[in-house]
Amino acid sequence: MLGSPSNHTLLNTATFILLGVPGLEAAHLWLAVPLSAMYSVALLGNIIIVTVIWTDSALHEPMYHFLCVLAAVDIVMSTSVTPKMLNIFWSGNGIIGFTACFTQMYIVHATTAIETGLLLAMAFDRYIAICKPLHYQTILTPRTMIGMGMAIIARAITAMTPMTWMVVHLPYCASHVVPHSYCEHMAVAKLACGDHMPSSLYSLIVSFIIVGIDVTFIATSYSLILQAVFSLPSRDARVKALSTCGSHVSVMILYYLPAMVSIYMAWLGQEMVPLHTQVLLADFYLVIPPMLNPLIYGLKTKRIRVRVWNAVTTSLADHICQNSTKEKRPTQVFVMEDSESRCGVQAQK
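Read left to right, the sequence shown gives residues 7 to 355 (the working numbering).
Just so you know, these hints were derived from the structure itself, not from any lab.
Accuracy of the hints is not assured; some may be wrong.
Claimed, not checked - Okay, the calculated beta carbon distance ranges per label pair:
1. 196 - 286: 14 to 22 Å
2. 33 - 229: 38 to 46 Å
3. 46 - 225: 31 to 39 Å
4. 320 - 180: 56 to 64 Å
5. 29 - 238: 31 to 39 Å
6. 60 - 226: 30 to 38 Å
Glycine included, every Cβ here is placed at the ideal spot set by N, Cα and C.
Make the full structure from the sequences, and use the hints.
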């Protein structure tokens with residue numbers, strides 16, 4: 007395992023050294039087990055969501071398109087950090103190149119910005135579907151969907167590119183040991199010999215603006231949705247609408263609450279919050295929401311649940327049929343060989 011920063015001799019100045027969870031080096035192997043399990047569930051669940059929605063034409067609707075993109079973003083976000091984190095926890099190898107480090111940093115921040123935009127788009131989709139159902143097809147057209155997607159991506163790139171550029175161009179002439187499990191922006195920026203406050207303030211302000219705007223519109227959408235739901239005459243319709251919105255709200259709470267706590271804990275510093283607590287929250291924040299998103303949507307969305315169940319049962323049935331066929335083949339071959347040998351014996355006679 008990697009030791010304390012003072013024990014490192016940096017042989018290559020074009021690299022950083024990630025420590026994992028400072029202060030919990032003895033528990034790295036124990037942390038690797040749940041992290042591996044959560045990452046496996048996140049990959050499997052999100053791949054299933056993407057595959058089912060992509061291949062089933064009956065699910066080619068705006069809500070499912072947003073969910074498919076959300077699952078793809080979750081795969082990218084968790085994969086950008088988790089393999090390296092597991093490598094640190096299992097083997098203690100925390101060396102990462104400058105280019106890889108800043109690329110990882112950019113992907114993490116860009117995907118989180120894209121994800122918050124997708125959550126806003128999904129809230130808007132539910133608002134139109136429940137409050138203006140007769141205009142759903144005319145408002146959320148394919149052209150509108152593409153425009154919303156491009157706007158979400160453009161906003162993420164526009165917001166995160168300057169921040170990464172500022173961090174990349176800082177001078178790193180002292181320690182290159184990052185007290186974190188991945189190249190988190192604040193942890194890397196604090197290693198610079200120059201003034202890192204401009205990039206840190208930019209990160210805080212931009213995240214506050216993006217999250218603040220998105221959360222405000224999401225809260226407004228769901229408050230209007232709740233008003234419309236409680237005015238429905240049918241109790242079954244109210245329960246169905248609340249169930250659908252409840253899964254969306256659960257995902258958003260799981261996403262925004264740890265994110266904001268992680269950002270502000272980094273600003274409070276170790277005097278207020280222990281460093282290992284900050285790192286653990288930042289680590290699991292990038293794995294837990296991607297793991298829970300497909301589970302929540304898969305369990306709550308009946309159409310996806312039915313499609314997944316049908317696919318599983320069909321594949322199991324095909325597998326059983328193939329196995330039964332393979333079991334029968336040796337018997338047929340044996341009979342043919344036996345008959346051929348008998349024919350050979352008769353011919354010799």
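Structure-inconsistent hints, enumerated in ascending order: 5
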